[in-house]
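**Student:** This is what each chain is made of:
2 protein chains.
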Amino acid sequence: MTDNGMQAFFTPKSIAVVGASNNPDKPGSTIVENLFKIGFEGAIIPVNPKEEEVHGLKCFSGIDEIPEEVELLVLITPSGAIDEVMQQVDKRMASRNDIKGIICAAAGYGEINTEEGNRRERTLLDTANKWDIRVIGPNCIGVIDNANRVDTTFVETLMPEELRGEAGGLSFISQSGAVAASLLMWGASLASPLKFNKFLSIGNMGDVDFIDLLEYLEKDPVTEVIALYLEGYPQAGKLLKTMERIAKKKPVIVLKVGRSEAGAKAASSHTGSLAGEDVIYDNLFKQFGIIRVGTLEELMDTMQAFSIIPLPRGNQTFLLSQAGGPGIIGTDALSFEPQLSLAKISQTTKQKLKEELVPFATVCNPEGVADITASATVAHHVNSLEMVLEDINVDAVIFITVVPTFLPKVELGKQVKELLEKWKDQKPVFPVIMAGKWVEEVRTMIGQANYMTFETPERAVKVLGNMVDYYNFQNQARGGSH
Amino acid sequence: MTDNGMQAFFTPKSIAVVGASNNPDKPGSTIVENLFKIGFEGAIIPVNPKEEEVHGLKCFSGIDEIPEEVELLVLITPSGAIDEVMQQVDKRMASRNDIKGIICAAAGYGEINTEEGNRRERTLLDTANKWDIRVIGPNCIGVIDNANRVDTTFVETLMPEELRGEAGGLSFISQSGAVAASLLMWGASLASPLKFNKFLSIGNMGDVDFIDLLEYLEKDPVTEVIALYLEGYPQAGKLLKTMERIAKKKPVIVLKVGRSEAGAKAASSHTGSLAGEDVIYDNLFKQFGIIRVGTLEELMDTMQAFSIIPLPRGNQTFLLSQAGGPGIIGTDALSFEPQLSLAKISQTTKQKLKEELVPFATVCNPEGVADITASATVAHHVNSLEMVLEDINVDAVIFITVVPTFLPKVELGKQVKELLEKWKDQKPVFPVIMAGKWVEEVRTMIGQANYMTFETPERAVKVLGNMVDYYNFQNQARGGSH
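Each protein sequence line maps, in turn, to chains A and B.
Using my numbering, the letters of the first sequence map in sequence onto residues 1 to 482.
Using my numbering, the letters of the second sequence map in sequence onto residues 1 to 482.
Chain A extracted, bound-state conformation (with noise of 0.2 Å):
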């Protein structure tokens, strides 16, 4: 198969669950939920030999009993299990030959470090091999893909309603399900809800690795930005050929822990995983245009921001703020990404930047920097941003509002929102909207409109620099000069 038996896991005809449930407090009931909820397309078939019904669907009591074709299996019940499974997929094989993917979600398996763990392991993946069937996992959350919407996960997704299985250009691959799972909860609890593409959590690896989900995500053409939370691989240097392979077509996010000597031994205890040698890893991500994200915090920040904010076409930052305090600590913080630089506008700009704004407004003092001061009306705010947008020299704008009690907020909201919309394809805007629950509506109202905003200055300008970096490698592959 072209798609290395991937495609299983993201466009099925049918999914099977075994080991589903009708109690809410078990994931047996969250995967069949979560299929209800994203609108799964296909047919949905518990399986659970006490259960007649689950949520309402037919049940059956073995996965060589159901008389429609399965093309997915879902393997939630416990691993004790896994024995008397994997004849029920043997003896359906033999006559059937259907299935084409397994993600098993269970733990129990070799991640357990037992002998017992170990065999349960081989027994799953043995009779899958025999079968030519694909797996994912064993010890995984399971599998988002919203662009086909199907949702194997047994994590309470917390997306809003309106939003589930709408897709992002982001894909998301994580070898640790506590990591996956708080992405996914954290990212549908921002003002603007993460929307994943394809969110995999790939468990022990013992057949689906990186590698087979990174070449599968190179070819997907609705994946536009790839991320990687990863321990350890066996092959480093092929999974690391692979990533720069396809960091030169689509940026390529990773989170790579085991950083330290402790972290290291950590990571080996969790997933078996050698970390390798930091530094290695670290020049080559350097050298191979992939970026490297140093704490959860700025991995989601810039998972949201590449696959919602266009990449700057240059490192000319221009820092607009409506806040005195705020606008100097992000002056700072662009200090310290040594490839942004302040943007020097034109006199032109300038000038009407002096004009729209009140007398004592801080223009270009230092260059690259406007202080539109606390007085600022949603005139003043859109009307300067736009100034500055139009400036041939700037290729960015942090943006930053501390929100006065005495602005129509809502207002403000909207009219931020337009111009964001309205530039959305030409030039990136980051920005700072505070503070804490006073901006929520204010934030909500420019996710929905598709768009990102932060919480702090230092968090956006973090964000941008990773993003310039990346058009800098792009830019030098290209032969382009800088």
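I should point out that these hints are in silico values taken from the structure, not numbers from a laboratory.
In this text, a Cβ means the ideal position worked out from N, Cα and C, and glycines have one as well.
Each hint should be verified, as a subset may be incorrect.
Pairs of lysine to any residue residues, derived as SDA-like cross-links and limited to a Cα-Cα distance of at most 20 Å, are as follows [to be verified]: (1) 409(B) - 380(B); (2) 37(A) - 380(B); (3) 265(B) - 366(A); (4) 265(A) - 365(B); (5) 265(A) - 344(B); (6) 414(A) - 25(B); (7) 354(B) - 268(A); (8) 265(B) - 377(A); (9) 26(B) - 377(A); (10) 350(B) - 360(B).
Some chain A residues close to chain B (C-beta under 8 Å, calculated; not the full set) [to be verified]: (11) 177; (12) 179; (13) 262; (14) 269; (15) 327; (16) 331; (17) 338; (18) 342; (19) 402.
Once you've looked at the hints, dock chain B against the given chain A.
**Tutor:** Only chain B this time, still in chain A's reference frame:
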């Protein structure tokens, strides 16, 4: 006066609000409402020639017409009216001599850098000086003293009603109104709302400045921790000496900006402050045991932690995680704080942990780290946490959980909260409760018990690092060894 005249800002018997308004969009309305909401027990006296009543209170047309005693005056009337306002003050003082303090919240003074702005500021200060009235501002957002139920800010504090006027041990001085406002609103929006003791926006520092307030807070028995947002100060040496003296007694946290050349220039445009050579500040902060934070987020986290979490009595840290990946992320983060060490717990504790947890839990590989696994029950969480806390080799615990769908999260929150309360005066725990809205209820529950939680392992570790730095400084100052 021994209090240097500061007492008028914190325990005024009466407050006249000049520019008080009934229009809810005006700052002059918010100030009166905030005084109501916080439960100010003295007299609130609106002054506005255009109104008969403001928010149900009798309104006076001039300061000189108020029959009652006025101890504190809040000016929110436009700066253009300052001549008239100060004439009224002059007239009143000649006969009554009652006003002790002025908070000038209005802008349009020295900070706008015009002749007229400077003249207005001189008018304000000269008259005040003539009558020994201390002035905070102009161009500030006001003062809150939760301990004495005074709130003269024009910011919607967003504080849940039942927490208004509840004072923590943290007092904060800000040279930027926007930074102050954003920390106030953001802090109130957290799962553990940030309870300031005194909150001081000092604007242009026309009269009252950092040193006046630091000296007051130094002696203030209810202020246990002091934090500053600092752009620059004309007498840097004197300021640093004051901070040095205080840091020996109380933790002093500072976000000092103008770190870069451009940032320093921006600071100079903003408040006319000379930022000074950053490296000099940096060295002296270290030498004096002053906790310098690098970002707004770190300031927020560190302020909260110092005022809520007990100071660790050493650097021996145990990381207890229910989640593999986030545990490794935390372990990496710990290794980037060289002042922290992974604790070596006793064989007895190790044995107890092994007996408590599932067989495939990872205990102390590496030393100082335990992965209680995603299968951990509520009992596993709290029992293992307590076992680690009881070990004499442990000074602090980073406790991480990504609450799974199948765990009874309210019960988990309840039991963790009880354990945190029990250990609150003994050993610090830094609870990382993930992720997003999924755990909001749990984090709020812990917040209501006056403890705090963190969103990511990295943020918890960073704050622990700051606390251990301060412990080490104090320990050395006492001639202790570590």
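**Student:** Does each hint fit the structure? Answer for all of them.
**Tutor:** Okay, the hints, checked on the actual structure:
1. 409(B) - 380(B): holds (13 Å)
2. 37(A) - 380(B): Violated, because 32 Å separates the two Cα atoms, which is more than 20 Å.
3. 265(B) - 366(A): Holds. Residue 265(B) to residue 366(A) sits at ~6 Å (cutoff 20 Å).
4. 265(A) - 365(B): This hinted pair holds, its Cα atoms lying about 7 Å apart.
5. 265(A) - 344(B): Holds - the C-alpha atoms of residue 344(B) and residue 265(A) are around 15 Å apart, at most 20 Å.
6. 414(A) - 25(B): Status holds; Cα separation ~19 Å.
7. 354(B) - 268(A): holds (19 Å)
8. 265(B) - 377(A): violated (25 Å)
9. 26(B) - 377(A): holds (14 Å)
10. 350(B) - 360(B): This hinted pair holds, its Cα atoms lying about 14 Å apart.
11. 177: Result: holds, 7 Å to nearest chain B Cβ.
12. 179: Result: holds, 4 Å to nearest chain B Cβ.
13. 262: holds (4 Å)
14. 269: Check passed: Cβ of residue 269(A) comes within 4 Å of chain B, closer than 8 Å.
15. 327: Residue 327(A) check passes; min Cβ-Cβ to chain B is 6 Å, inside 8 Å.
16. 331: This hint holds: residue 331(A) lies near chain B, its Cβ roughly 4 Å from the closest one there, short of 8 Å.
17. 338: Cβ of residue 338(A) sits 11 Å from chain B, so the hint is violated.
18. 342: holds (6 Å)
19. 402: This hint holds: residue 402(A) lies near chain B, its Cβ roughly 4 Å from the closest one there, short of 8 Å.
Hint compliance for this structure: hints 2, 8, 17 are not met, and every other hint is.
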